[in-house]
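Engineer: Quick note, the sequences are listed as chains A and B, same order.
FYI, the numbering for the first sequence is 1 to 451, going by the numbering used here.
FYI, the numbering for the second sequence is 1 to 451, going by the numbering used here.
Because the hints were derived from the structure by calculation, they are not lab data.
Misleading hints may appear alongside valid ones.
As the list claims (entries may be wrong) - Listed below are the simulated SDA-like cross-link pairs for lysine to any residue, each with C-alpha atoms no more than 25 Å apart in a straight line:
| no. | chain 1 | residue 1 | chain 2 | residue 2 |
| --- | --- | --- | --- | --- |
| 1 | A | Lys391 | B | Asn99 |
| 2 | B | Lys54 | A | Ile72 |
| 3 | A | Lys54 | B | His398 |
| 4 | B | Lys397 | A | Gln98 |
| 5 | B | Lys324 | A | Gln395 |
| 6 | A | Lys324 | A | Ile72 |
| 7 | A | Lys391 | B | Lys54 |
| 8 | B | Lys397 | A | Thr323 |
| 9 | B | Lys54 | A | Thr323 |
| 10 | A | Lys54 | B | Glu73 |
| 11 | B | Lys394 | A | Thr323 |
| 12 | A | Lys391 | B | Lys397 |
| 13 | A | Lys397 | B | Ser141 |
| 14 | A | Lys324 | B | Arg5 |
| 15 | B | Lys397 | A | Phe103 |
| 16 | A | Lys324 | B | Glu203 |
| 17 | A | Lys394 | B | Glu33 |
| 18 | A | Lys324 | B | Glu73 |
Stated by the list, open to error - Footprint (simulated), chain B over chain A, 3 or more residues, beta carbon under 8 Å:
| no. | segment |
| --- | --- |
| 19 | 276-285 |
| 20 | 320-326 |
| 21 | 373-384 |
Said to hold, decoys possible - Label-pair restraints from in silico Cβ distances:
| no. | chain 1 | residue 1 | chain 2 | residue 2 | range |
| --- | --- | --- | --- | --- | --- |
| 22 | A | Pro119 | B | Glu257 | 29 to 37 Å |
| 23 | A | Thr102 | B | Arg204 | 35 to 43 Å |
| 24 | A | Asp437 | B | Asp49 | 37 to 45 Å |
| 25 | A | Glu73 | B | Ala240 | 20 to 28 Å |
| 26 | B | Arg436 | A | Arg447 | 53 to 61 Å |
| 27 | B | Ala434 | A | Arg447 | 29 to 37 Å |
| 28 | B | Glu73 | A | Arg30 | 43 to 51 Å |
| 29 | B | Pro119 | A | Pro247 | 38 to 46 Å |
| 30 | A | Gly318 | B | Ala390 | 50 to 58 Å |
| 31 | A | Leu392 | B | Pro273 | 42 to 50 Å |
Backbone N, C-alpha and C fix where the C-beta goes; we use that ideal spot for every residue, glycine too.
Protein chains: 2
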Amino acid sequence: MISPRTPPGVLELLPPDQAAMRRMLDTVRRSYERFGFVEIETPVFERTDVLLTKTGGDTERQVYFVQSTGAIENGSPPEMALRFDLTVPLARYVAEHQNDLTFPFKRYQIQRSYRGERPQRGRFREFYQCDIDVIGRETLSFRHDGELPAVIAAVFADLGVGDFTIRINSRTLMRGLLESLGIDVEERQADILRTVDKLDRLERDGVAAALRGDGVPAAVAEAILDLAVVRRVGATAAIAHLDAIPPANDLVRQGVEELTVVFSTLEALGVDPSVYALDLGVARGLDYYTGTVYETVLDDHPEIGSVCSGGRYENLAGMYTSTKLPGVGLSIGLTRLFWQLREAGLVAAGPTSVEAYVTVMDDDGVRAAMRLTTLLREAGVNTDVAPEPAKLGKQMKHADRLGARVALIVGEDERANGTVTVRDLAANEQFEVAERDVAEAVLTRIRSGAS
Amino acid sequence: MISPRTPPGVLELLPPDQAAMRRMLDTVRRSYERFGFVEIETPVFERTDVLLTKTGGDTERQVYFVQSTGAIENGSPPEMALRFDLTVPLARYVAEHQNDLTFPFKRYQIQRSYRGERPQRGRFREFYQCDIDVIGRETLSFRHDGELPAVIAAVFADLGVGDFTIRINSRTLMRGLLESLGIDVEERQADILRTVDKLDRLERDGVAAALRGDGVPAAVAEAILDLAVVRRVGATAAIAHLDAIPPANDLVRQGVEELTVVFSTLEALGVDPSVYALDLGVARGLDYYTGTVYETVLDDHPEIGSVCSGGRYENLAGMYTSTKLPGVGLSIGLTRLFWQLREAGLVAAGPTSVEAYVTVMDDDGVRAAMRLTTLLREAGVNTDVAPEPAKLGKQMKHADRLGARVALIVGEDERANGTVTVRDLAANEQFEVAERDVAEAVLTRIRSGAS
């Protein structure tokens, strides 16, 4: 006999947890569609040469290759590999189908990605990503950079996970500001931003020392740190700060202009100003993205880190096409987020999708139970029914374990009276209604939420 | 530059097709939940030893193995492989988590599976399966075998793909009937049923000749063929036929009893009797399943073959656990079905999820457009908005390409009047409404369907 084991590093859920995960996935999808994004799905695997355009590096070491038996026997190199994110498949999709798409192309994609991470708590080899990106052809308005955080604000408000802040910065602005401090070599700028990014873990003094260790003059290090702590919540404060930045060079002017469009758009869209901020301390992704960058933190759970990150890239698919395709995107790592929220007690398992359970008291009651079941299902109630008569207590326990809100009884008396007994398992009370009223009574209980 | 190519043998969809596919997936999910099934998801890969409990055979030749770079460098055999169906992962899941599940366990699972098929039209290497199964511990009522086709009847009615028939048979009954004709060796029975299964392609005479060629006496061959053409539509006719079968042996008695429960349950659940039939010609899967078997055909498109098949297995997970886990299940191969329906013109691409498109006439109109966009989104309308002013014709064309039902205009006049112009792109008409009435007007148009 073979021991049944889930592969290591994956998050496999029991039904009540899966139901909670499904609600989160549905919430994200609903907001993405509400904001006018359309769905695409790409295959789980891509051709190896398409997926791994940059050879070497961490990414390739973590890639899972896919081979058929035949290919392994031939000793041929793997022709396919599992996607490690949704951005490379998006680039391939847009480049391949560009003549059939309409630009700006606002797409969402909710699928799993795969990375051969070393197994550890909270790190997953298979994980859901919920991505939105807007891809332009040749140009892309920065208003899209303002619309993206509006989507994320709607998602996190709907998820109901407490207060959150979407932190917004610009690589262009940061490069301009560093240049104005005399640091004008791009790699040097990137090194410094990586050091600044440690502000979360090291204290200000620690980062200052690290910068000085890197050869940054003390006064410049202090100036950099003064920048990195700038946080202005809401459009009004953010734009006022941007307006006051001296236009020291072209990069600063461009960064200020772009960010001003971003915050004006957020304001025009009426997004709650308390949920987003200009934050010059956002340094992650600055060597990957080329313009706006985003991070999202849960205000009461900073230890979780960023739960939604992204940014702008000036050319999405330069490796596949000569068409310039600028883009801006955001990604929620939902498997990790779900796991973290569950650990933090912010997401509860269940209830499952089962709402009502119809019990069966005796052989004569089977037909009445089946008829009632169909009546409820046709009224839109997710209903399960006992397949055989059994003790009522046992059936109630089963209904409860399923996560049903109500259990229904059609015993001999009820059948004689044309009634049904409805037991509200959450409120722990029961009542009898005429069969013709039962669907409405059940729907009322379900809609009332747990009591 | 690398040519961007979708891997061979996968069905990658453009957004309007993806929207149609999503509607089908949602329809299936809704019915599955309505009937009290709860969702599980399993990882795309399983440990090789867990997945491939039966070595050799077609299945293994079609399996995709998964390896990290490290494993390939070490030359170690692949530790993981992509699932080739949802049944083996279900068996592993139930065996592994049996102490945390409640039985009968009614689960649904909508995920993709992978097989290294030789690429050809309508055959896919990656395909959605939409499975429902009911798993019992030690025993499982045959009422579940009656409930499953009721679910599928609801799904196919909702999919709106025309008339269909769920054909129901029983391996137990067929074995009993063959035994009563003097064919009592199980392998011989299986061979004969495989030959009978060719009735679709060969004429009756051809099958009779094939049976005689296999050494079946001519009279017995005729008797078998008389059985195989039995089709009784609806519960009343099916049960009448079953009642009239002489109880020649234990297998016949058992098969008749089980099928009688199946058809009585379908009747008690009020399923339209025209959509299901007792069909003794269903022979496929009879060497895999151990009791009830199902096939579903679209009445006007028999060339498509079975669009939903399944059956009962007396022990789901004997390779993983000593607990006896009988089950019954049905599976819709949705990728193949979608492709076939599209080929047959029974499913149309689009509309996408975008319902409304807000145009922008000039720089002064950006804020009004953004405000209107938010108003519509908050009313539940999936709304996209132009990022920059552009010619109205160009914006209308974009709205139309997106698949939006309405486009909205807030030009200088509208802003002065506090109105919005709504253009119904399907009805090709437009009207002006007060801004406070615009959401209701748009929702009315969207709900009215294409006109």
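Engineer: Against this structure, judge whether each hint is valid.
Structural biologist: Tested hints:
1. Lys391(A) / Asn99(B): Cα-Cα ~22 Å, so holds.
2. Lys54(B) / Ile72(A): 19 Å, holds
3. Lys54(A) / His398(B): The hint is violated at about 35 Å.
4. Lys397(B) / Gln98(A): Since the Cα atoms of Lys397(B) and Gln98(A) sit roughly 17 Å apart, the hinted pair holds (cutoff 25 Å).
5. Lys324(B) / Gln395(A): 22 Å, holds
6. Lys324(A) / Ile72(A): 38 Å, violated
7. Lys391(A) / Lys54(B): The given pair, whose Cα atoms are some 41 Å apart, is violated under the 25 Å limit.
8. Lys397(B) / Thr323(A): Satisfied, since the Cα-Cα distance of roughly 22 Å is no more than 25 Å.
9. Lys54(B) / Thr323(A): 50 Å, violated
10. Lys54(A) / Glu73(B): Satisfied, since the Cα-Cα distance of roughly 19 Å is no more than 25 Å.
11. Lys394(B) / Thr323(A): 21 Å, holds
12. Lys391(A) / Lys397(B): Measuring from Cα to Cα gives roughly 65 Å; hence the hint is violated.
13. Lys397(A) / Ser141(B): 19 Å, holds
14. Lys324(A) / Arg5(B): Measuring from Cα to Cα gives roughly 18 Å; hence the hint holds.
15. Lys397(B) / Phe103(A): 11 Å, holds
16. Lys324(A) / Glu203(B): 60 Å, violated
17. Lys394(A) / Glu33(B): Holds, because 23 Å separates the two Cα atoms, which is no more than 25 Å.
18. Lys324(A) / Glu73(B): Roughly 37 Å separates the two Cα atoms, so the pair is violated.
19. 276-285: Contact hint for the segment 276-285 of chain A vs chain B: violated, 0 residues under 8 Å.
20. 320-326: Satisfied; 3 residues make the cut.
21. 373-384: holds (count 8)
22. Pro119(A) / Glu257(B): 29 to 37 Å: At 50 Å between Cβs, range violated.
23. Thr102(A) / Arg204(B): 35 to 43 Å: Violated, since Thr102(A) and Arg204(B) (Cβ atoms, about 54 Å apart) do not stay within the stated range.
24. Asp437(A) / Asp49(B): 37 to 45 Å: 56 Å, violated
25. Glu73(A) / Ala240(B): 20 to 28 Å: 56 Å, violated
26. Arg436(B) / Arg447(A): 53 to 61 Å: 28 Å, violated
27. Ala434(B) / Arg447(A): 29 to 37 Å: Hint holds: Cβ distance 32 Å, inside 29 to 37 Å.
28. Glu73(B) / Arg30(A): 43 to 51 Å: For Arg30(A) against Glu73(B), whose Cβ atoms are near 44 Å apart, the range 43 to 51 Å holds.
29. Pro119(B) / Pro247(A): 38 to 46 Å: With a Cβ separation near 58 Å, Pro119(B) and Pro247(A) fall outside 38 to 46 Å, so the hint is violated.
30. Gly318(A) / Ala390(B): 50 to 58 Å: 26 Å, violated
31. Leu392(A) / Pro273(B): 42 to 50 Å: At roughly 32 Å between Cβ atoms, Pro273(B) and Leu392(A) fall outside 42 to 50 Å, so the hint is violated.
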